[in-house]
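Q: These are the residues of each chain, in order.
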Amino acid sequence: MAGIVSFASYVPFHRIARKTIAQALGTGGGKGERSVASYDEDTVTMAVEAARDCVRRRDTAGVKALYFATTEPPYVEKLNSATIHAALDLPAAVRCLDISCSIRAGAGSLLAAHDAAVAGGQALATMADIRIGAPEGSAESSGGDGAAAFLFGTSDVIAQVEATWSGTLEFLSSWRVAGQRYSKTWEERFSLTQGWGPLLADAAKNLLASAKVSPADIAWFVVDAPNARASAGFLAQAGIPAEKIIDARLDTIGHAGAAQVGLMLATALEKARPGDRIAVIAASDGVDAMLLRATGLIADGRPERTVDRWVDSKRADLPYTRFLKWRGILETEPPRRPDPQRPAGPPSLRSHRWKFALVGSECTACGARHLPPQEVCVACRASHKMRDVSFADGKATIKTFAVDRLAFTPQPPMVVAVIDFEGGGRVQSELTDVEPAKVAIGDPVEMTFRRLFTADAVHNYFWKGRPAR
Amino acid sequence: MASNGIRDRVAIVGMGCTSFGEHWNRGLDDLLIEAAESAQASAGIDADKIDAYWLGTMGNLSGLTLSEPLKINYKPVTHVENYCATGSEALRNAAYAVASGAYDCVMAIGVEKLKDSGFSGLVVTPPPSDGTHPAMTAPAQFSLLAPAYFKKYGLDDETGKEVLSRIAFKNHSNGAKNPKAQFRKEVPMEQIRNSPRVADPLGIMDCSGVSDGSAAAIVVRAEDAHKYTDKPIFIKALSFIAGPAAGPLSQDYDFTTFPEVVASARDAYSQAGVKNPAEEISMAEVHDCFTPTELVLYEDLGFAERGGAWRDVLAGAFDLGGRLPVNPDGGLKSFGHPIGASGLRMMYEMWLQLRGEAGPRQISNPKLGLTHNLGGAPGRCVSFVSVVGL
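The listed protein sequences derive, respectively, from chains A and B. Each step along the first sequence adds one to the number in the working numbering, with nothing skipped, and position 46 is 46. Each step along the second sequence adds one to the number in the working numbering, with nothing skipped, and position 123 is 123.
The following block holds chain A by itself, in its conformation from the complex (with noise of 0.2 angstroms):
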């Protein structure tokens, strides 16, 4: 029977308070924070960290299919799914597909990924969102930006899918037109009675029917609204004991749009034990839904960072000011200095495994590492004599660094270090999600997937070192 192989999740290093906000547009109160991708994040790099911790140490050769859902698409016209494609390095016969336009597309994918399961082989759901409203506006503070990622298949399977249930529904609840930065939203008792109240009860009716099982077989319920009130009546409604309700953690990350569903269905499985069934329910422009069933192999899926580690892995102060400026709502003074280059499409081709998926190059004739690959070896001069190496997992210490003032980053300074890799190889990279001040020669890091920056509306997809998280 198809169900979840491996999960993982990922909630970027920034926070900002939502008193932080209220106090910079003097509106007052706020509770909590808010999770905030940083300048050189987008939903792709945010996907590929999740997936990255989803098919570590796994054998990714039977992967068919690879879907990426998001409601901020860094392209609009180009598969957005082929860059996560690239980064884990998979093999080339995946089919890809970016599912968007709703943040339903988080629970669509997760389906659409069963299903191509159930057809043979296995597929990766990934989500991630960034989630922007206008300044004063509830949803930039309600807002927060995530992603978690999914592989489905037939065998060693950690949570069987029993059942899913899915309907659709054409009301206007909450939308957003091509180009346009914000989304609207009508009138909440409109939505919440005539449309997610009644999908709700409709999907958990169906689902728990189609399953023969009633709620109390249910050990864990994800339940995933658009808005707080929404998931809250049903879960209220339903008489759903609140030790069996998943939190969708709105004061530590805020809703993650298309991320959602999978941050809260990742917390469920990391609480879930063997035989535990697990209710997933979301709803926006209809509803998704999927029940599943723990197995015995439940502990050996989980991820080493869950979300709790995320959540608590931060750094909280970020101030309004930047966060409007790194979601580009703030137009700042560009650098006295020329704009990056476009990356060129011919040597990013040539170079993709490398610049994608950080993979170099190891001598045959004498062991020695190179990033990027090299064909002559930097210590015995052998010549062709190289095989492909991932570095993407290794683990490395700073060398030295450099605290760049005058560099071109949204983030000033950028920290760059020389790391070096154990087992051999060495790469300069820029430091991100990092504090300069506690930049120190030997300090651990990890690498991490980043957009350097974006030039003539290319996005410059690469590699960074980040203090280990």
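Calculated from the structure, these hints are not laboratory results. Be aware that one or more of the hints could be misleading.
[Claimed, not checked] Okay, the calculated bits of chain A under chain B, using three or more residues with CB under 8 angstroms as the criterion:
1. 326–332
2. 351–359
3. 362–374
4. 395–407
5. 412–419
6. 427–437
[Claimed, not checked] Among the chain A residues that face chain B by a calculated CB cut under 10 angstroms, a handful are:
7. Pro340
8. Gln341
9. Arg342
10. Pro343
11. Ala344
12. Gly345
13. Ala379
14. Gly424
15. Ile441
16. Gly442
17. Leu452
18. Ala455
19. Ala457
20. Phe462
We put the beta carbon where it would ideally sit given N, CA and C, even for glycine.
Chain B: place on chain A using the hints.
A: Chain B in isolation, oriented as in the chain A frame:
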């Protein structure tokens, strides 16, 4: 493979050098003409005596950059570029052409106009790439040396900063005595130490300036030298090397040295017959693009023991009156660094010093002078070392 050198086979018989600085009202052409004409005047020759030219400048594509303003009459002009060693590379090629017998009298000339771009430093358009090269600025690339050096030799941050500031202080102090320098004022230690940080621990006062300038040399066979001047200077060694750029790749490199400089210094000393540079070299113009560069160069060039240069700096060993004056003209620190011109500007100081024409900064009785350029970054650079003397 051999690097046989051309010791004492070639002489410099005339040199010219513009003032370096913000030449808002003068173009590349004006600077080239001034340097070329003053070099010719210095050698006492007209343009028609010059058989061939080597022009060092970055990104100007061809020899027409020189032949057009000078109206050179259908003669070879070779355009060379090799990062920050571009001017020195022009001189090396010119000297080798004379040593080969191909020409009797040639000019090496370097120029750069940095202030016209509106950006600080050299603006180059890199070739199309995959965008994976780290986007560090030059000060940051060279600042990588500082934490590595401090850690290896046990300097605390305060001592380290003191040493770097002392190097900048010395070069400004020398530059204050030089009418051609961009900056001609002494700068107090406090001001250097507390200057705004650009790439920690480097402040703005740890960096060379941005300027425009040009310098030129007339090169002939040694046996012809006295036809032009009573006081020619003779080339003892010219060594230029490009490294394998191993530093960014190999964990063997520790960011406290420039292996390329060590290699080119060894080659140059061997060509010149120098056994003990710390004693035999009278003075040096070295590539002080940033203060930690100069610190490390003392050791790489054999002027100080490994790990000992910082103590020598504090003891004043490289001051104008020290045991081995370094950057007596004020260095890149006081002159700025118009890329193609710098190597020849350094040679111009050797020309003045060896002829006893350096005025208030004259070193007593110099025998051998050394010039040094490097281009690139720590672990990935080209290096040039020359030795010249009487």
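Q: Decide, hint by hint, whether the structure agrees.
A: Against the structure, the hints:
no. : hint    : result
1   : 326–332 : violated (count 0)
2   : 351–359 : holds (count 3)
3   : 362–374 : holds (count 5)
4   : 395–407 : holds (count 9)
5   : 412–419 : holds (count 4)
6   : 427–437 : holds (count 5)
7   : Pro340  : 7 angstroms, holds
8   : Gln341  : 6 angstroms, holds
9   : Arg342  : 7 angstroms, holds
10  : Pro343  : 3 angstroms, holds
11  : Ala344  : 3 angstroms, holds
12  : Gly345  : 9 angstroms, holds
13  : Ala379  : 7 angstroms, holds
14  : Gly424  : 7 angstroms, holds
15  : Ile441  : 5 angstroms, holds
16  : Gly442  : 9 angstroms, holds
17  : Leu452  : 7 angstroms, holds
18  : Ala455  : 8 angstroms, holds
19  : Ala457  : 14 angstroms, violated
20  : Phe462  : 5 angstroms, holds
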